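Dock chains E, G and H against chain B, hints included.
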Amino acid sequence: MYYVVTIATLVTMALALIRALLGPSIYDRVLAANMFGTKTVLLLAVIAFLYGRPDFLDLALAYALINFIGVLAVLEFIRRRAYHQAAEPGAGS
Amino acid sequence: MAMLADIASWVLLTLGGAFVFIGGLGALRMPNLYTRMHAASLTDTMGAVLIIAGIMLQAGASLATIKLAAILLFLLLTSPTASNALASAALLAGQRPGEATASSERGE
Amino acid sequence: MTVLFGVFLLTLLVITALAIVRTQHLFAAVILTGVFSLLMAANFFLLDAADVALTEAAIGAGISTVLFLSALALTGEYERAGSTNRLLALGVVAVTTLLVIYATFDKPRFGDPEAPVHQHVAPWYLERTPELIGIPNVVTAVLGSFRGYDTLGEVFVVFTAGIGIVFLFGARRQRKPEALRSVIGELGEGLRHYLVPRVVGRLLIPFILLFGLYVQFHGEYGPGGGFQAGAIVAAAFILYALLEGEAQALRVLPTRVLTGLVAGGALLYGAVGVAGILLGGNFLDYSVLASDPIAGQHLGLLLIEAGVGITVTGVLLSVFHAFAGRGHI
Amino acid sequence: MELLGLYHYWVFAILLMIGFYAVIAKPNLIKKLIGLSIFQSAVFLLYITMDKVEGGTAPIIQDGVVDPLYSNPLPQVLILTAIVVSISTTALGLGIVVRIKEEYGSIEEHEIQETDRR
Numbered sequence: 001m002y003y004v005v006t007i008a009t010l011v012t013m014a015l016a017l018i019r020a021l022l023g024p025s026i027y028d029r030v031l032a033a034n035m036f037g038t039k040t041v042l043l044l045a046v047i048a049f050l051y052g053r054p055d056f057l058d059l060a061l062a063y064a065l066i067n068f069i070g071v072l073a074v075l076e077f078i079r080r081r082a083y084h085q086a087a088e089p090g091a092g093s
Numbered sequence: 001m002a003m004l005a006d007i008a009s010w011v012l013l014t015l016g017g018a019f020v021f022i023g024g025l026g027a028l029r030m031p032n033l034y035t036r037m038h039a040a041s042l043t044d045t046m047g048a049v050l051i052i053a054g055i056m057l058q059a060g061a062s063l064a065t066i067k068l069a070a071i072l073l074f075l076l077l078t079s080p081t082a083s084n085a086l087a088s089a090a091l092l093a094g095q096r097p098g099e100a101t102a103s104s105e106r107g108e
Numbered sequence: 001m002t003v004l005f006g007v008f009l010l011t012l013l014v015i016t017a018l019a020i021v022r023t024q025h026l027f028a029a030v031i032l033t034g035v036f037s038l039l040m041a042a043n044f045f046l047l048d049a050a051d052v053a054l055t056e057a058a059i060g061a062g063i064s065t066v067l068f069l070s071a072l073a074l075t076g077e078y079e080r081a082g083s084t085n086r087l088l089a090l091g092v093v094a095v096t097t098l099l100v101i102y103a104t105f106d107k108p109r110f111g112d113p114e115a116p117v118h119q120h121v122a123p124w125y126l127e128r129t130p131e132l133i134g135i136p137n138v139v140t141a142v143l144g145s146f147r148g149y150d151t152l153g154e155v156f157v158v159f160t161a162g163i164g165i166v167f168l169f170g171a172r173r174q175r176k177p178e179a180l181r182s183v184i185g186e187l188g189e190g191l192r193h194y195l196v197p198r199v200v201g202r203l204l205i206p207f208i209l210l211f212g213l214y215v216q217f218h219g220e221y222g223p224g225g226g227f228q229a230g231a232i233v234a235a236a237f238i239l240y241a242l243l244e245g246e247a248q249a250l251r252v253l254p255t256r257v258l259t260g261l262v263a264g265g266a267l268l269y270g271a272v273g274v275a276g277i278l279l280g281g282n283f284l285d286y287s288v289l290a291s292d293p294i295a296g297q298h299l300g301l302l303l304i305e306a307g308v309g310i311t312v313t314g315v316l317l318s319v320f321h322a323f324a325g326r327g328h329i
Numbered sequence: 001m002e003l004l005g006l007y008h009y010w011v012f013a014i015l016l017m018i019g020f021y022a023v024i025a026k027p028n029l030i031k032k033l034i035g036l037s038i039f040q041s042a043v044f045l046l047y048i049t050m051d052k053v054e055g056g057t058a059p060i061i062q063d064g065v066v067d068p069l070y071s072n073p074l075p076q077v078l079i080l081t082a083i084v085v086s087i088s089t090t091a092l093g094l095g096i097v098v099r100i101k102e103e104y105g106s107i108e109e110h111e112i113q114e115t116d117r118r
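Protein chains in written order, with my numbering: chain B, 1 to 93; chain E, 1 to 108; chain G, 1 to 329; chain H, 1 to 118.
Since the hints were made in silico from the structure, they are not lab data. Mixed in with the good hints, there may be bad ones.
Which chain E residues stay away from chain B? Per the calculated CB distances, all over 12 Å, these [stated by the list, open to error]:
id, residue
1, M1
2, A2
3, L4
Beta-carbon label-pair distances, calculated as ranges [what the hints assert, rightly or not]:
id, chain 1, residue 1, chain 2, residue 2, range
4, H, E109, E, L91, 16 to 24 Å
5, G, F217, E, S62, 20 to 28 Å
6, G, V121, E, I7, 44 to 52 Å
Taking beta-carbon pairs under 7 Å as the criterion, some of the chain B residues facing chain E (in silico) [stated by the list, open to error]:
id, residue
7, D28
8, N34
9, L50
None of the values given here were measured: they were computed from a predicted structure. Don't be surprised by glycine CBs; every beta carbon is placed ideally from N, CA and C.
Next comes chain B alone, as it looks inside the complex (with noise of 0.2 Å):
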């Protein structure tokens, strides 16, 4: 029964990397990556238990808990350039 969960995430991560692949924006990109982050952790947890050894789960915790750190650094960055851009214009990208 695990197998039906399991396939269905392989499917979606792998949509995922086409849209993480086909962009058009950045901000396409880093959605899609993280979704990727989210499917990894459902991945990991069906695998888990799919292997017998439900003690793995930490590793899906660390992705649940510190996964997000990085889209605020794509918002911090975003926002620093922004003050940049505004600060001389034309310099920065």
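Just chains E, G and H now, with coordinates in the frame of chain B:
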């Protein structure tokens, strides 16, 4: 009783898999960034809730169930936050909702 | 069936790597590197390497993206078109790929229990760990005790890299764009005005720290240990710095403390080794640390893992502050 | 299945060379570092592939399992430390690139060489 839990968990897992897949399809096919974000958030919340609830039924009362509950709680906190942060970033950089996403990258 | 999952994930890995190299937008390349790291971790997990997967997760999920983005903020987002001698490079790469693939035909098949790598030392480690070290996680036992010298070396490499960054960025930056002066206050305040990330982030920081400590001290029984815990704790402080601004984070953990952590962890590791000599054993022999050899091993492992965790946290945070402080203050 | 027995090693070879291509052909220094980290990941993959034993499980000893089969812990130890070392050394490389940008005003290989020739 055990069989009932099994059937319930199968239903939850299958439904979760379906939600995840539909969300992924939406994230690929929707016309612009904000609608794609909407589709992706579906997989992050509904899909995750269903799948993890399904596994929890399989795990029964054990440490694993508590860990799964923690994973679910943190996922439900972090992924909408990430979506919010991403939407803020896109808006700040001048992506307007309601129009097809223009490439903000040079040379592609 | 799980082998097929692995094959699928590996194929995605190759596609991602190709896309990373092809794109000229370095920002996009960094985001795709995040996807690459997720795929790597999933593959490691499928290949039974839970500890390695946890390390990749701890490093790849937040820290490496943050570091690359800070570097991009200081250098520029785009690479120039055109490469040097593209055809020659492609030729060299194609020939070498074929050579390496040709060489793989001599390798034992995937998962073959008769492979030479499984015949030497590894069975001994698996067999003797319960009786000599008395902990379930063989990876931690090999890391901390059987191959303690190795790990000491690795800790000093991490330490040296941290010192190197601090020296590189030690020189004060003179040129500061005049126009930026007026907004420096707002620039340095992080995501303070973004309510949702701030509230949720502040809520999660204690849990991330708690999880870090769990990984640190549960490393003898499940996947985890000093390397992973150090990265997770560093991620918590980096999250704080993103939310509240870098200056505020430096008020919580000043540079002096960070330098102390970098040196202190490595020193603690070395000191445990020296203590072994003083108590009449060999360098990094923990059996003599307590009256009972197994209790001694436990104590030694606990201390050296703590040393590793402290150094890794210190180095990663020093590096982050070096980059973040370079651009905007 | 026999055909898939070497797939992991082929992926290793291809990843290795994708990383290598980025290092030798791309003039941008950050791109070179990204290529280098792909190269490193390929090596990690090679080691971890070797540790797998058919039907085995992760080398964390379980109580009450009859005749357990564990994968090889040794490659995992080597790679576990190597991952943390790789992020530290990559950070050092990024630091050097940032300093180059500050001194030369560019991180493109030929522009740096141009500046040096002057």
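Notebook entry, point to check: Can we keep the L50(B) interface hint, with Cβ of chain E closer than 7 Å?
Noted result: 10 Å, violated
Check: So the hint says 20 to 28 Å: do the beta-carbon atoms of F217(G) and S62(E) match that?
Finding: 21 Å, holds
Next item on the list: Have a go at the N34(B) hint: is there a Cβ in chain E nearer than 7 Å to its own Cβ?
Entry: Cβ of N34(B) sits 5 Å from chain E, so the hint holds.
Check: So the hint says 44 to 52 Å: do the beta-carbon atoms of V121(G) and I7(E) match that?
Finding: 48 Å, holds
Margin query: Does D28(B) hold up as a contact with chain E if the rule is Cβ-Cβ below 7 Å?
Written below: The hint holds - D28(B) has a Cβ within 7 Å of chain E, the shortest such distance being about 6 Å.
Check: Once the closest CB in chain B is found, is it more than 12 Å from L4(E)?
Finding: 15 Å, holds
Check: Against chain B, does M1(E) keep a CB gap of more than 12 Å to every residue?
Finding: 18 Å, holds
Item checked: Assessment of proposed distance window 16 to 24 Å (beta carbons of E109(H), L91(E)) -> 37 Å, violated
Notebook entry, point to check: Regarding the assertion that A2(E) does not contact chain B, is the least Cβ-Cβ distance greater than 12 Å?
Noted result: 14 Å, holds
Going down the numbered hints, you'll see the structure goes against 4 and 9, while the others check out.
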